[in-house]
Amino acid sequence: MTSVAKWKRTFRQTSTFQIILCVILFHSLASIFIIYVHLAWFFSDEEKIWDKTDDAYHSKKDFIFWNMRSVLNVLSSKVISNDEIALMGWWMDHARWDTDIRCFNQKWTLCSKGFSTVCKSDGIRAIYQYVTFAKDPPINGLELSVTATADQLEPQVIGASFGALALIKLNDGSSETIQIQFPSNIDPLTVKSVSFSTSQSSIISVTVMLMCYGYTGSIHFTDPVLIPHVSSYLPKRKLNEVCPLKTVNPQSSITLGKTEDIFKANNKSIKDHYHMITLVTQVSMERLATLERSLQLWEGPVSLVIYVTTKHNEKSSYEWQRLYIQKKLKNIKLASSSHVTLVFGDSNNEDYPINALRNIAIKQVKSKYMFLLDADFQPSPDFQQKFAASLKHSSFNQKTAFVVPAFEYIELPQRSDNAPQTKEELLQLLHREEPFILPFRISESSESHRITDYWKWYRADKAYSLNTFCDKYEPYVVLCKTNSVPYYDERFSGYGMNKVTHITELFAANFTFTVLPDLWVLHLPHKISTYAIEFLQNAHQRLKNRMERFEFIADIMNAYKIGHCNNQ
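Residue numbers (this note's numbering): 304 to 871.
Derived from the structure by calculation, the hints contain no laboratory data. Be a bit skeptical, because a hint or two may be false.
SDA-like mimics (lysine to any residue), calculated; alpha carbons at most 25 Å apart, straight line [stated by the list, open to error]:
| hint | residue 1 | residue 2 |
| --- | --- | --- |
| 1 | Lys472 | Leu729 |
| 2 | Lys759 | Asn786 |
| 3 | Lys495 | Thr612 |
| 4 | Lys671 | Lys759 |
| 5 | Lys381 | Glu544 |
| 6 | Lys702 | Leu729 |
| 7 | Lys830 | Phe499 |
Label pairs and their in silico Cβ distance ranges [said to hold, decoys possible]:
| hint | residue 1 | residue 2 | range |
| --- | --- | --- | --- |
| 8 | Ile831 | Glu736 | 24 to 30 Å |
| 9 | Asn870 | Leu332 | 32 to 38 Å |
| 10 | Thr558 | Asn700 | 34 to 40 Å |
| 11 | His578 | Leu730 | 47 to 53 Å |
| 12 | Val382 | Ile327 | 22 to 28 Å |
| 13 | Val382 | Lys574 | 33 to 39 Å |
| 14 | Lys695 | Ser832 | 38 to 44 Å |
| 15 | Leu332 | Pro491 | 46 to 52 Å |
By construction, the Cβ of each residue, glycine as well, lies at the ideal position given by its N, Cα and C atoms.
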């Protein structure tokens, strides 16, 4: 019997059930293979370092993929790790998002990364991505689309928002915003898109924000797509600027008025106090009373800048403010080597120029060391002596940032309550059944001070080094005042990113971070500022701040040759 006859006989004996089973098995294996191939490309494609001289780079092999939109999409699916200084991918702030991979969501798509979070009624939950474009070819338009799903989403405030925002920066210095807004009762996997075009300028960057504000419930985004309009097909890697050019003279948008020194050190006191630490801080006139409490235990020089807002430039207005400040300063025992500067500003300014004020204070430091601190923190007792003792027990260099662990009172202590005088007293207040203090912002933004490693500090009797980086880390530090210390970036004013960016640059400049074992600062509770409230609830302001953060990261990647800028 021939093999063909045997095959026919076997086939006749096969039941319909067995045939169906074989078809299902074959279909399943084929589907698994296709998904495997797609996921392998999905996860590996973003990690490749592409050589623009490679012939494969210029080929149109991308056309073989199933979804043409994914080929043209300039958004990365990567999530930036918080232990790296990088631009490519989605960046999360303190509100964490969950990521997953979802397959066969829509026609002609296989798998895509999704992002989900639980919304907050009084704050913004958002994830961001920054895309820069090469100058050639010029980009004059784009399309943004995203797929969204919501679960038990209920608005809690007027102006609740759920969707996507994009801040588009043009080469003439202007910017435009486009928005995708979803209703709370959307069907699963609802797709929306929005387009933008300009005839007079070209697009140099886009900052995309997926967000929700003012809702309770959870949301999920998938398939975020940003497609630039180009006259002919170009690989997306040729459209993107992998290492963006440095921002030209980034400065605060706030113009400061005149400055006036109302307390200056004499040469003898400067010489006598050179080896001490100068506490560097700034404060608005409305918060001046805070200094009476925060500097209560400080023994040493202070470099203080006070921001005074005025409605007009009349001499009488300046005079009464100056007299008020001088009266308040009499209650603060300033060391003879201290320096106090008044900076006058326009009351119409919406933001507080915090980093510009910090830099003025730094420039007035005359001692070897400076302690960069906010005015609402109280340093621990005997700070100068214990810092000097730490220096004797270990060897440090001029590029050491000494970390001072930060704590906060759960409620404002009474004036009769004494601040903890020793580390043991501090730990008792921390570990008692009903704690009176906690590590600073441990609930609101735990990443801000996590790598200080509080549990290690509780047991430490000598300084210890930190060997990790976190892009949300913002400790208070003592630095040796040298030319290698970068100034604060003055593009940041008001609330958001103003201090953490300075710490990030210290890491980029190869400063080592060492935690001091017997020193700490305590935050004094106060009413939340209007700057903070606006930042927490205004999505457009938050997006602008995050764009400035991305531009800052691009600048330091260029300055310190980090990542894709290493070979530029």
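Cross-check of the supplied hints:
no., hint, verdict
1, Lys472 <-> Leu729, "violated, 49 Å"
2, Lys759 <-> Asn786, "violated, 32 Å"
3, Lys495 <-> Thr612, "violated, 45 Å"
4, Lys671 <-> Lys759, "violated, 29 Å"
5, Lys381 <-> Glu544, "holds, 17 Å"
6, Lys702 <-> Leu729, "violated, 29 Å"
7, Lys830 <-> Phe499, "violated, 41 Å"
8, Ile831 <-> Glu736: 24 to 30 Å, "holds, 28 Å"
9, Asn870 <-> Leu332: 32 to 38 Å, "violated, 44 Å"
10, Thr558 <-> Asn700: 34 to 40 Å, "holds, 38 Å"
11, His578 <-> Leu730: 47 to 53 Å, "violated, 30 Å"
12, Val382 <-> Ile327: 22 to 28 Å, "violated, 36 Å"
13, Val382 <-> Lys574: 33 to 39 Å, "violated, 53 Å"
14, Lys695 <-> Ser832: 38 to 44 Å, "holds, 40 Å"
15, Leu332 <-> Pro491: 46 to 52 Å, "violated, 29 Å"
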